[in-house]
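Here the sequence shown is numbered in my numbering, starting from 1 and rising by one per residue.
Please keep in mind that the hints were generated in silico from the structure rather than gathered at the bench. Certain hints may be false.
As the list claims (entries may be wrong) - Here are the computed distance ranges between Cβ atoms for each label pair:
{"#": "1", "residue 1": "Asn53", "residue 2": "Ile80", "range": "41 to 51 Å"}
{"#": "2", "residue 1": "Gly48", "residue 2": "Glu121", "range": "18 to 28 Å"}
{"#": "3", "residue 1": "Asn78", "residue 2": "Glu121", "range": "34 to 44 Å"}
Built from N, CA and C at the ideal position, the CB exists for glycine as well.
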Amino acid sequence: MFIVQTKDGKTFVEGKEGFVWDNIPDDVEITSLSLTLPFKVSFKTKSGDILLNPKFTIKDFDSYFFSNEETISILAVNSILGKSNRVLTAKIIGGIKGDNVFEYRMDRHGNIKSRIFSFSELEKSYNLSAIRKGLTN
Numbered sequence: 001m002f003i004v005q006t007k008d009g010k011t012f013v014e015g016k017e018g019f020v021w022d023n024i025p026d027d028v029e030i031t032s033l034s035l036t037l038p039f040k041v042s043f044k045t046k047s048g049d050i051l052l053n054p055k056f057t058i059k060d061f062d063s064y065f066f067s068n069e070e071t072i073s074i075l076a077v078n079s080i081l082g083k084s085n086r087v088l089t090a091k092i093i094g095g096i097k098g099d100n101v102f103e104y105r106m107d108r109h110g111n112i113k114s115r116i117f118s119f120s121e122l123e124k125s126y127n128l129s130a131i132r133k134g135l136t137n
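All chains, full assembly: derive it from the sequences and hints.
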């Protein structure tokens with residue numbers, strides 16, 4: 001799940017009361033974007049166990065983005081098409097600073113891979129006008 005912190009102190013949390021990325025108002029100035037890892041960590045203390053949801057946070061970008069990566073199996077046998085349900089394979093957060101795009105992909109096991117590429121490479125790869133919340137550098 002993503003967590004957005006804003007300059008005016010508001011917090012937006014994915015899934016809370018059906019909240020999704022597209023519900024973030026356009027005029028909000030994001031100061032950080034986090035992904036919670038898909039597991040909890042337990043610490044033993046004298047006063048009892050503490051259970052935490054670790055998170056991965058990025059900040060200090062000009063703009064931010066989020067997406068889910070899903071797969072669906074498609075099988076055709078004797079001209080009959082069969083499909084399975086969508087399976088969430090990863091959550092992706094990123095930030096844009098100048099002409100650089102920083103992307104962080106977290107799979108279902110909490111493994112995070114990062115990559116950096118130019119905004120112009122992103123423009124060549126995707127039809128940015130099809131993205132509901134526009135990306136700009």
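Original post:
Which numbered hints are broken by the structure, listed smallest first?
Top reply: 2
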